[in-house]
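Novice: Here is what each chain is made of, one letter per residue.
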Amino acid sequence: MKFLRQLAEVTLVVAVVVVAGLAWARFGASTLGGGPRGPGKVVTVSGKLLKGLPPGTEVAVRPGPHGPVIVSEGSGGGMNLGLDSMFQAVNLPVLRHTLEIEAGVIAAVVILDIARRRLRRFLRARRRQAGGSVD
Amino acid sequence: MTSQLRAAPGAGRRRRIAARTRLDFWFDAALLAAYTLAYSYGFTGIGIHEWLGLGIGLALLIHLTLHWDWVIRTTGRLLRPRGPDKLIWLVNLALLIAMTLCVLSGILISRVALPYLGINLTRIGPFWSRAHTLTAEVTLGLVPVHVALRWRWIVRIGRRLLTSPRAGRSR
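For the record, the sequence lines run as chains A and B. For reference, each letter of the first sequence is one residue, going 1 to 135 in the working numbering. For reference, each letter of the second sequence is one residue, going 1001 to 1171 in the working numbering.
You may find that some hints are simply not true.
Claimed, not checked - Ranges between beta-carbon positions, derived for each pair:
#: 1; chain 1: B; residue 1: L1087; chain 2: A; residue 2: L123; range: 13 to 23 Å
#: 2; chain 1: A; residue 1: A29; chain 2: B; residue 2: L1161; range: 41 to 51 Å
#: 3; chain 1: A; residue 1: L92; chain 2: B; residue 2: R1080; range: 15 to 25 Å
To be verified - Per the computed footprint, the stretches of chain B lying under chain A, defined by three or more beta-carbons under 8 Å from a beta-carbon of chain A, are:
#: 4; region: 1017-1030
#: 5; region: 1039-1046
#: 6; region: 1126-1137
Unchecked claim - Covered by chain A, according to a simulated footprint, are these stretches of chain B (three or more residues, beta-carbon under 8 Å):
#: 7; region: 1075-1082
#: 8; region: 1140-1154
It is worth saying that the hints were derived from the structure and are not from the lab. Even for Gly, the Cβ is constructed at its ideal location relative to N, Cα and C.
Let the hints inform the model, and build the full structure from the sequences given.
Specialist: So, in structure tokens, the structure goes:
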């Protein structure tokens, strides 16, 4: 019961953010200028361009951190989970790039946190020594 | 984010990890893995990207609900001069906004998942594509910070969970 009540509260908070987002789109859309990274260029493969992709498959060529990245866009009908592009070795650097960014940020925060705690401990110890308190 | 680590009475050093803590740890780990995959759009392809994004949207509601007590408690203490977790609260608020807008814009520009569910949104301008890119990049900065600010809890619980009971006994 408590979980459902809290879920309702969370949903309400999320709904507020959604409404704020819709208001942003309605009244302040011009604040979001077009950047260099758009949705990508979608092309239809006429022949067998990529290994594992049938002819007629739509693929998107998007700029990536390590050159253009080919993304399977599906071939129209039915549900296509896009597994094909997952097996393109050329796309592995995209995942590696994400992992590198995450690992880099985590490492930076952890190092800063350790440094902050050590500095605080050092300053506390110095204050204690200067004050001549117990310990 | 942290949960209580309950010690079994008289258990000494070998403390039992509460089921809720296990749930938090594995749920959050799965969420991080799903987010990493979903962000790597070029790797997963649009189908997995969109379905994962929808799943992450639902999982975020559950994640937030599981930690709602912390949100209420910390929000109440924000005005105290030396209230704890202020930075974490701010990061989490920014992440909530960015992630919600990212999922919302992703739903609006969906080309696989929503049409498959029979929903075809028309008249969606380029604003939402740009918003999706922007918010996704913001979340990529904030998610690792959100994780790293709890690194002590993650290391403590992870070490206990990933160490086999046999290894724990031999110590």
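Novice: Each hint needs a verdict: does it hold in this structure or not?
Specialist: Now the hints, each set against the structure:
1. B:L1087 x A:L123: 13 to 23 Å: holds (19 Å)
2. A:A29 x B:L1161: 41 to 51 Å: Given range 41 to 51 Å: holds, Cβ gap about 46 Å.
3. A:L92 x B:R1080: 15 to 25 Å: violated (48 Å)
4. 1017-1030: With 0 residues close enough to chain A, the hint is violated.
5. 1039-1046: Coverage by chain A holds for the region 1039-1046 of chain B (8 residues, Cβ < 8 Å).
6. 1126-1137: Satisfied; 8 residues make the cut.
7. 1075-1082: violated (count 0)
8. 1140-1154: holds (count 9)
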